[in-house]
Amino acid sequence: DAGITQSPRYKITETGRQVTLMCHQTWSHSYMFWYRQDLGHGLRLIYYSAAADITDKGEVPDGYVVSRSKTENFPLTLESATRSQTSVYFCASGAGGIYEQYFGPGTRLTVT
Amino acid sequence: AQKITQTQPGMFVQEKEAVTLDCTYDTSDPSYGLFWYKQPSSGEMIFLIYQGSYDQQNATEGRYSLNFQKARKSANLVISASQLGDSAMYFCAMRGTMNRDDKIIFGKGTRLHILP
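Read top to bottom, the protein sequences are chains U and Y. When the letters of the first sequence are read in order and numbered with our numbering, they come out as residues 1 to 112. When the letters of the second sequence are read in order and numbered with our numbering, they come out as residues 1001 to 1116.
Think of the hints as simulated: they come from the structure by calculation, not from any bench. One or more hints might be untrue.
[Stated by the list, open to error] Derived Cβ-Cβ restraints for the label pairs, each shown as a range:
no., chain 1, residue 1, chain 2, residue 2, range
1, Y, N1067, U, S30, 24 to 34 Å
2, U, A52, Y, F1012, 41 to 51 Å
3, U, R17, Y, A1018, 42 to 52 Å
Here the structure is a predicted model, which means the values were calculated and not measured. Glycine included, each C-beta is placed from N, C-alpha and C at the ideal position.
Hey, can you work out the whole structure from these sequences and the hints?
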């Protein structure tokens, strides 16, 4: 009954490498989201998904790829990591509409 | 456009006192939800409380209550009997029916320090 989990919690990678951040939720929420949190920018939406096999871009999607083959999983892939993608990444899920979203513990990613 | 404004970048409050964190919002949505999240130094984002725009009563969750004044477009968080563990960053947020991407709009946050 963990709710929403993310892995890894911390990751250091080199510029140009591919990195995948995992997100898993046990609530069967239809909506899932990826945000990044940076000083001075707050939380910004990268991608979101309204249901399995339905994904759409948020405000900062460039350099990221998502998929959602199962309702409970929503991985985020950085195809070729850049230093500007150093950030804390939060996955979230929710029922949709005007209701709250629940956040995972975050992944702190450093690109060297 | 939707906007959340939190005017208090930081607050210091004595333990056991009540504290009010200010939040004003702007939206043209007829229906929306308002939320507060807590982010302690460990980094996770913890959902605290939800208020729907059509809810007649102010939301309460334990020591947290949301002072919702729709006409003034304010949604202040009140924490009663503050504790040392309440020290954290607090974000006010909203989500409306007109959000194309269903994202939550966050304010810049208020950092709350509880003093022993």
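Quick rundown of the hints versus the structure:
1. N1067(Y) - S30(U): 24 to 34 Å: The hint (24 to 34 Å, Cβ to Cβ) holds, given that N1067(Y) and S30(U) are roughly 31 Å apart.
2. A52(U) - F1012(Y): 41 to 51 Å: 47 Å Cβ-Cβ, so the 41 to 51 Å window holds.
3. R17(U) - A1018(Y): 42 to 52 Å: 50 Å, holds
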